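Visitor: If you want the building blocks of each chain, they are given just below.
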Amino acid sequence: MTEYVNNPALWHRIQFAFTITYHYLFPQLTMGLAWFIVFWKWKALRTAEPRYEQAARFWTRIFGLNFALGVVTGLPMEFQFGTNWASFSRFSGNIIGQTLAMEGMFAFFLESALIGALIWGEKRLGPRAHFIASVGVATGSWLSGFFILVTNAFMQRPVGYALAPDGTLTLSSLSAYLGNQWAWIQFSHNQCAALVTGSFAITALGAFYTLRGVHAEQAKMYLRAGTIVGLAASVAVAFPTGDAQAKLVGEFQPVTLAAMEGRFESATHADVVLIGQPNVKEQRLDNPIALPGGLSFLAYGKFDSYVRGLNEFPRDTWPDNIELLYYAFHIMITLGTLFILLMAYANWQRWRGRLESHRGLLWVLLLAFPFPYIATSLGWMTSELGRQPWLIYGLLRTSDGYSKVVSDGDVVFTLIGFVALYFVLGLLFLYLVVREIFHGPREGAHA
Amino acid sequence: MVLVWYGIVAFMLSTYIVLDGRNFGVGMVQWLVARERAERRQVVAAIGPMWLWHEVWLVSSGGVLFVAFPRLLASAFSGYYLAMFLIVWSAILRGISIEVGGHVDDGMWQSFWDAVLFLSSVLLAVLFGAALGNVIRGVPLHEDGTFHMAFFTNFKPYGDVGLLDWYTVSVALFSVLALAAHGATYLAQKTEGPVHDRAARLSRQLWTLALPAFLLVSFLTWRVRPELLGGLTGRPLAWLGILFCTGCAGALAYALHRRQEQRAFVSATVLLQGIVVTGAIALYPVMLWSTLDRGDTLTADKVSAPHQSLVTATVWWPLAAVLAVVYCSSIVRFYRGKVGPSRDGQGLY
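Chains as they are written, first to last, in this note's numbering: chain A, 1 to 447; chain B, 1 to 349.
If you are wondering where the hints come from, they were derived from the structure by calculation, not from laboratory data.
None of the values given here were measured: they were computed from a predicted structure.
Do not rely on the hints blindly, as some may be mistaken.
Once the Cα atoms are required to be at most 25 Å apart in a straight line, the calculated BS3-like pairs of lysine-lysine come out as [as the list claims (entries may be wrong)]:
no. : chain 1 : residue 1 : chain 2 : residue 2
1   : A       : LYS123    : A       : LYS43
2   : A       : LYS123    : B       : LYS338
3   : A       : LYS220    : A       : LYS43
4   : A       : LYS302    : A       : LYS220
5   : B       : LYS302    : A       : LYS404
With the sequences and hints as input, model every part of the structure.
Guide: In structure tokens form, the structure reads like this:
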């Protein structure tokens with residue numbers, strides 16, 4: 001931990017980590033819910049059954065609030081590239097700027113023009129145009145996720161660049177940059193996780209209404225849609241997308257993989273650790289419970305694959321917070337496994353027709369909704385802590401990327417400002433959403 | 001290539017200023033044109049479904065600046081560090097106040113968010129005005145292309161300047177006045193009932209004040225940055241810009257006089273954008289003056305991205321721009337017509 005205290009970029013990192021983690025609480029639900037709303041609006045168009053329209057309207061209200069919070073907390077992210085990471089922007093702005101500009105031009109214009117129509121214009125637009133607006137918003141939100149992940153993937157595994165004479169980077173191939181394998185795999189993994197968040201939220205509300213004995217017809221729809229998508233998405237997060245992601249880390253960031261697993265010694269038939277506490281000072285894992293050969297198999301496909309431990313790498317390329325990285329990764333994996341089990345059990349009970357009467361299970365489904373948020377946040381911590389000490393892997397160190405002209409005092413000031421403002425925004429959001437939930441889906445009311 | 005991208009940035013930023021400027025203006029004059037709760041909702045509903053894509057012009061301008069002039073973005077954003085975050089926080093509060101103000105049908109709730117809307121709108125108009133003033137006046141740029149600036153030093157626009165001095169403050173005040181006039185003009189053509197009558201009266205009054213204020217600010221600009229005058233007089237394109245702005249101002253005055261509200265609003269929009277673009281033409285190729293040493297001034301060539309990156313961006317940008325215009329114009333078309341005082345048709349705003 002001592003490296004942390006002496007790290008000149010420390011406050012910049014804390015501020016970025018805080019604002020991005022908080023921000024991402026909202027877009028993941030936006031991206032997860034969007035296609036449910038599209039689905040219900042489509043069913044409403046096809047069948048003219050009022051229950052679909054009612055569900056779409058209700059979730060659009062939640063969606064709108066969530067979207068608004070996502071927009072306003074997203075704005076600081078765009079600014080912070082310039083304000084806090086000026087050296088990084090000078091070094092690689094003409095590359096990562098491409099996707100940031102594309103996000104604005106291709107995704108945000110689409111989303112922002114149509115979200116107003118979605119929230120305000122049901123009467124004015126008529127059902128068909130309103131349905132198209134919902135498709136546009138959903139597409140826009142996924143597109144924006146894609147462009148951001150291409151940007152992040154460049155930082156994880158830089159491709160399509162060349163070194164300019166003045167020592168900065170320049171883009172040599174847009175197609176290589178956009179086609180970055182890391183981006184596509186991370187995008188699939190991330191979008192499946194967003195669907196997990198969305199389906200758990202919908203399931204939880206269905207469980208809540210069922211337990212209270214209100215809105216029975218709606219609750220049944222939510223439980224059905226939520227558990228089906230929830231199971232499919234939970235499985236897809238782990239396999240194939242999570243598996244492919246881990247293999248990428250093994251291939252391009254082997255030192256990160258070693259740190260994620262708390263492995264100090266290289267070995268063939270490397271164990272995968274289920275529980276254990278990394279002890280960086282003594283370079284070992286305390287109290288490990290491990291599956292023999294598991295890591296070799298998961299990372300490289302064969303039980304006798306050679307897995308390199310941290311000791312094979314120079315100390316100054318180790319991620320600088322191995323403990324946090326290790327726990328983030330392991331808790332994420334544990335939660336992901338529990339999600340699959342829970343959703344499989346819920347689907348089985350639903351198939352037997354017992355889900356609505358199984359109060360114990362409904363309680364678990366209700367209380368489960370925060371955990372996908374925790375899992376996604378931990379996943380991003382794994383990704384970003386694992387990238388350290390690099391800002392752009394192998395090209396620019398985080399300690400060289402921050403704004404030299406900005407004093408720590410300035411950053412601490414703005415960090416405090418963000419903490420205070422976001423605390424209030426969080427209260428406001430919870431109040432408004434809880435209020436909508438208690439109002440419930442209303443019959444016949446126009447949004 | 002650099003010139004093309006200078007033009008694109010100028011076009012996008014000026015578009016942002018006129019589009020979102022009207023929302024700042026509406027936020028600022030809300031309490032002047034709306035007396036009752038229902039009228040205030042009507043005012044918010046007049047911008048509710050639209051403000052977001054206006055703000056996206058800012059985000060996208062930032063993205064384009066990032067691609068084309070990464071060094072300028074890095075220097076300016078880190079140099080204006082605290083001011084940037086004041087803008088961000090005000091923008092957050094402004095967005096939230098529009099989105100949640102109508103969610104709860106309660107007088108105190110709505111008054112609170114209307115007050116937040118007013119304060120954040122004023123702050124945004126002041127900050128963007130001061131930022132414009134800073135671009136014209138220049139900042140204490142060092143040899144390595146960075147600067148770090150206090151909020152205020154001795155309030156003089158020379159040498160070791162701060163964010164605020166008598167020049168940038170006057171530009172900020174002018175920006176408040178002009179955007180308030182712009183917002184009132186927008187409300188006059190978008191609303192019905194008593195709000196409309198008050199907005200129409202207010203827009204005539206504010207524009208009457210704005211003209212002499214503009215002349216005064218122009219005079220101050222000439223004192224602070226005489227080079228701009230050279231840029232204006234030496235370029236045929238700038239002459240065209242001046243001619244165009246004069247025409248727009250004439251059209252605005254005529255439309256206001258004849259109570260043609262739609263035309264007045266269009267003229268006001270084009271006029272404001274024309275002024276900003278003409279200023280950009282006069283500035284070129286300077287992007288940020290140095291108040292310390294003329295040699296450290298950041299020009300477009302000095303801060304632009306490598307040629308290859310600009311060419312790449314030129315491939316996809318036109319397509320994206322066409323799509324953006326399609327989305328924006330369809331929502332404008334959907335949203336045409338007037339906003340009445342009844343809650344019906346105001347959606348959740």
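Visitor: With the threshold set at 25 Å, check whether the alpha-carbon distance from A/LYS302 to A/LYS220 stays at or below it.
Guide: 45 Å, violated
Visitor: Are the Cα positions of A/LYS123 and B/LYS338 separated by 25 Å at most?
Guide: 15 Å, holds
Visitor: Decide if the proposed pair is consistent with the structure: A/LYS220 and A/LYS43, CA atoms, cutoff 25 Å inclusive.
Guide: Within the cut-off at roughly 16 Å; holds.
Visitor: Would you mind confirming whether the straight-line C-alpha gap from B/LYS302 to A/LYS404 stays at or under 25 Å?
Guide: Given pair B/LYS302, A/LYS404 holds - Cα atoms ~20 Å apart, limit 25 Å.
Visitor: Given the hinted pair A/LYS123 and A/LYS43, is their alpha-carbon gap at most 25 Å?
Guide: It holds: about 18 Å lies between the C-alpha atoms, which stays within 25 Å.
When held up to the earlier numbered hints, the structure conflicts with hint 4 and nothing else.
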